[in-house]
Amino acid sequence: MENFEEKQSATPDGNAAPGNAPAGTPLPPPLRLKVVGVGGAATRMVSQLCESKAFAAEFVAADTSVSELAAAERFGVRTVLLGENITGGIGAGTEASRGAAAAKASEETLRAMLAGTDLVVLIASLGRGTGSGASVEIVNLARETGVPSVCFATTPFSWEGVKSTEQASVAIDALHANSNAFILIENNLIAQTVASGGSFSEGFKISDRWIESGVTACCRMLLNTSGRMRVDLASFKNLFPNVGTRTLFSVGGGEGGNAQEEALTELFRCPLLKTRTSVSSDAETLAIHIETGTEPSLAFVNETVQRVKDRFGGDLRTLSSYAVNPALGTRLEICVFGAAGLRKASRVVHPVPKKKKQDSVMPGGVLVLGADDDDVADGNAEPSLALDDRLGGFAETRHRLFEGKDLDTPTYIRKQINLDKTLAKKKKEFGGAPKK
Amino acid sequence: MAQDNILAVIDIGSAETKVLVVDLEPQLQVIGAFCAKTEGMRKGEIVNLGALKESVHSVIGQAEKLAGAARRVRGACLAVSGALVGGFSVKGLTSVKSGVVRADDKDAARADAFDACLHRIPENRHIVQHMLRRYLLDRRQREEPLGLSGRELTYDLWVIDADDTYLTELYQIPNRLGMTVRGLFPASLASAEAVRTFAQIMDDNRLVIDIGAGTSDFVLFRDGAVVCTGVIPVGGEHITNDMSRGLQIRMEDAERLKIKYGNAYARDDDVFAEIDLDSFEGELKGFSKHVSRYKMELITELRLRELFTLIAKKINAEEAFSGTVFLTGGTAQMEGIGKLASAIFGNAEVRIGEPSLSFARAYAEPKYSTVVGLAKLYRDALSQKREALGKSGWFRRFFRGMF
Numbered sequence: 001m002e003n004f005e006e007k008q009s010a011t012p013d014g015n016a017a018p019g020n021a022p023a024g025t026p027l028p029p030p031l032r033l034k035v036v037g038v039g040g041a042a043t044r045m046v047s048q049l050c051e052s053k054a055f056a057a058e059f060v061a062a063d064t065s066v067s068e069l070a071a072a073e074r075f076g077v078r079t080v081l082l083g084e085n086i087t088g089g090i091g092a093g094t095e096a097s098r099g100a101a102a103a104k105a106s107e108e109t110l111r112a113m114l115a116g117t118d119l120v121v122l123i124a125s126l127g128r129g130t131g132s133g134a135s136v137e138i139v140n141l142a143r144e145t146g147v148p149s150v151c152f153a154t155t156p157f158s159w160e161g162v163k164s165t166e167q168a169s170v171a172i173d174a175l176h177a178n179s180n181a182f183i184l185i186e187n188n189l190i191a192q193t194v195a196s197g198g199s200f201s202e203g204f205k206i207s208d209r210w211i212e213s214g215v216t217a218c219c220r221m222l223l224n225t226s227g228r229m230r231v232d233l234a235s236f237k238n239l240f241p242n243v244g245t246r247t248l249f250s251v252g253g254g255e256g257g258n259a260q261e262e263a264l265t266e267l268f269r270c271p272l273l274k275t276r277t278s279v280s281s282d283a284e285t286l287a288i289h290i291e292t293g294t295e296p297s298l299a300f301v302n303e304t305v306q307r308v309k310d311r312f313g314g315d316l317r318t319l320s321s322y323a324v325n326p327a328l329g330t331r332l333e334i335c336v337f338g339a340a341g342l343r344k345a346s347r348v349v350h351p352v353p354k355k356k357k358q359d360s361v362m363p364g365g366v367l368v369l370g371a372d373d374d375d376v377a378d379g380n381a382e383p384s385l386a387l388d389d390r391l392g393g394f395a396e397t398r399h400r401l402f403e404g405k406d407l408d409t410p411t412y413i414r415k416q417i418n419l420d421k422t423l424a425k426k427k428k429e430f431g432g433a434p435k436k
Numbered sequence: 001m002a003q004d005n006i007l008a009v010i011d012i013g014s015a016e017t018k019v020l021v022v023d024l025e026p027q028l029q030v031i032g033a034f035c036a037k038t039e040g041m042r043k044g045e046i047v048n049l050g051a052l053k054e055s056v057h058s059v060i061g062q063a064e065k066l067a068g069a070a071r072r073v074r075g076a077c078l079a080v081s082g083a084l085v086g087g088f089s090v091k092g093l094t095s096v097k098s099g100v101v102r103a104d105d106k107d108a109a110r111a112d113a114f115d116a117c118l119h120r121i122p123e124n125r126h127i128v129q130h131m132l133r134r135y136l137l138d139r140r141q142r143e144e145p146l147g148l149s150g151r152e153l154t155y156d157l158w159v160i161d162a163d164d165t166y167l168t169e170l171y172q173i174p175n176r177l178g179m180t181v182r183g184l185f186p187a188s189l190a191s192a193e194a195v196r197t198f199a200q201i202m203d204d205n206r207l208v209i210d211i212g213a214g215t216s217d218f219v220l221f222r223d224g225a226v227v228c229t230g231v232i233p234v235g236g237e238h239i240t241n242d243m244s245r246g247l248q249i250r251m252e253d254a255e256r257l258k259i260k261y262g263n264a265y266a267r268d269d270d271v272f273a274e275i276d277l278d279s280f281e282g283e284l285k286g287f288s289k290h291v292s293r294y295k296m297e298l299i300t301e302l303r304l305r306e307l308f309t310l311i312a313k314k315i316n317a318e319e320a321f322s323g324t325v326f327l328t329g330g331t332a333q334m335e336g337i338g339k340l341a342s343a344i345f346g347n348a349e350v351r352i353g354e355p356s357l358s359f360a361r362a363y364a365e366p367k368y369s370t371v372v373g374l375a376k377l378y379r380d381a382l383s384q385k386r387e388a389l390g391k392s393g394w395f396r397r398f399f400r401g402m403f
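Quick note, the sequences are listed as chains G and Y, same order.
Residue numbering for the first sequence is 1 to 436, as defined by my numbering.
Residue numbering for the second sequence is 1 to 403, as defined by my numbering.
Hints were generated in silico from the structure; no laboratory data involved.
Hints are supplied without guarantee of correctness; some may be wrong.
As the list claims (entries may be wrong) - So the derived list for chain Y, only partly shown, Cβ under 10 Å to chain G, looks like this:
| no. | residue |
| --- | --- |
| 1 | Val128 |
| 2 | His130 |
| 3 | Pro233 |
| 4 | Asn241 |
| 5 | Met243 |
| 6 | Gly246 |
| 7 | Phe272 |
| 8 | Arg379 |
| 9 | Asp380 |
We put the CB at the ideal spot given by N, CA and C, even for glycine.
Whenever a hint applies, use it, and build me the whole structure from the sequences.
Below, the structure written as structure tokens:
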């Protein structure tokens, strides 16, 4: 079970022996995961993750502010104070260059922190000094020392100002180029998702939830003990062999009788699919993590994986894992990681077979059972030269800020206008006539 | 050499490429035209040169065919647009020695302005066009300073520049077909030329906004002279994209929805209105079957409002605007867009500009503005050039004559 190739995913053998882990042989060293938070908000998030004890990893908070770190330390987080001599322990003062300088000054400490790590999950809150400056340095260090990195980054709200947006934009490009997987979480999107009447802190909880479920799923996939299928580090690394590829990341959850449908709908509609560093379809490699309260049936896993694959691709390599977590009850959670653009460089080498895939890739469509996996796989994954309408956004254009504004993002998102809420308000205003 | 009269006028838009094959002599006349989807270009930026070349070449080929097979077109005229095109103003200064402005004072001021311009322009950018905005004599605006008395003469120059790589790639497209690029004009000026009303008052003070698929080009005229030009990398495609994200529908559906039901204002009448995607040209593959019309309009309004506000900010930085607003380009066909623009540009009169030039009657649609104007600009420039050929300073006359 150690090496999942695409073939296994078509027939997920749910009830096989619990992994032929080397029982008698000397155990390899356990997986050493590090979850590192850089910047104020990220530090707090790491504290939360540490407190929740959802998985076994080492939690590190790196910041330039002593007070933030002191708060984190209370949760049992390992703390790294960056650039004491530069910032004096009072923060980087919204200057990314100071944040970067602080990280450079503490390079030795950071190196020691990264040493002997198998995978580093970096959480960075971009926009202000430490998050935008130091996180880039840390990712560079990780790349230099050969530690694979998965990076979650939150962007500032657009009202935080042009400077913040610009700093974040620069940091995003640098992080994206140097981390194996890069997941962007736009705070501006929160306004779109909060249920009516949500408070400000509830809004932040949503972005926290995205990160939390991402980090949790990522770590659980690797540290999975309860499920029958798991993904080991080597194959996970193989999902993201290169730095700077586009990353697909999505989470979805559902509850009750219709949990599967709900979860898949949420998964396919996740706003994180439409950020500027993400892909929303035709990923080449895919890792699917399913977490349920009770033991799922073979058909269920089969169908779920197939539908996720229909939507997201994963023709080159698909890893799937599931875990049983009694705490979830009737809840179902699905998390998907993927990468695209791995083969762009070798486009010339691969001949393109003319065989066309059935038009069944759209979500919500019928489940396609068929041998579209193995033999056709290589040709299909070739990203077509024609512009894909499903790409959305302006994925293939160079990203450019226009006077500090990210004009490619819809205006309503940047202005934090919740469409549903506005509509509901208007409807109320006009006497709440029946919907149809 | 009769072939010299035949020219392909090419406007490569983010959505569609329009090509007119025109005969320049004795009168400007369209002899072949074709318009088709562009591949490999988004937001006025080239993302895939190979695909772009292929699609543009096929359009040129079709236009040539329509013009008559025997006529092989050798010359091309191009429009430049997109985020890689910029504009800035430079000022040249000279002291008037004799107290009365003479021709050599004007030349000195002009030379100083060009000198300043060459210093200002980065190495990787190329001047597309430059034009005199105005003369300032002792900081007072003068249309023609010659013979007036003063001490200090300023030559205010507006320069439009573009990225070198972009231009090289753009030139490659006609060059591959054995054409030489004879003319290169900013898309904003071309559109402005096409939508002229020939009413002096309206033409002299106006703001022309060409909202294309990927970019919006604008140009502001004051007293008949260009005050500023610019490009905002937002266009109709952005509206489609916003809709697709906000309503959770496919891009194709959003595009059709926009064309059929698009409205620049979120109207109260539409709060309860819903559009059934199913009944709407069949085939549904997205999620929701019904989309709220109000939501769709709200998304559009927010985007367009922002676009107009950005332009208003840009032109107000130069000087306060008053005059007529002309909207043109594909997106200008949207319902309610005039009302919205009027609200933002201080209740100005807004017109939806369609190319009104007699030689291109068949192309009186907003989306053809750029290409029609381009032909006119080139033809005007050519006659100016011929008139002044051999005399020194024809270049200056050419630009002054144009505006």
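Worksheet entry | Hint check, failures only | 1, 2, 8, 9
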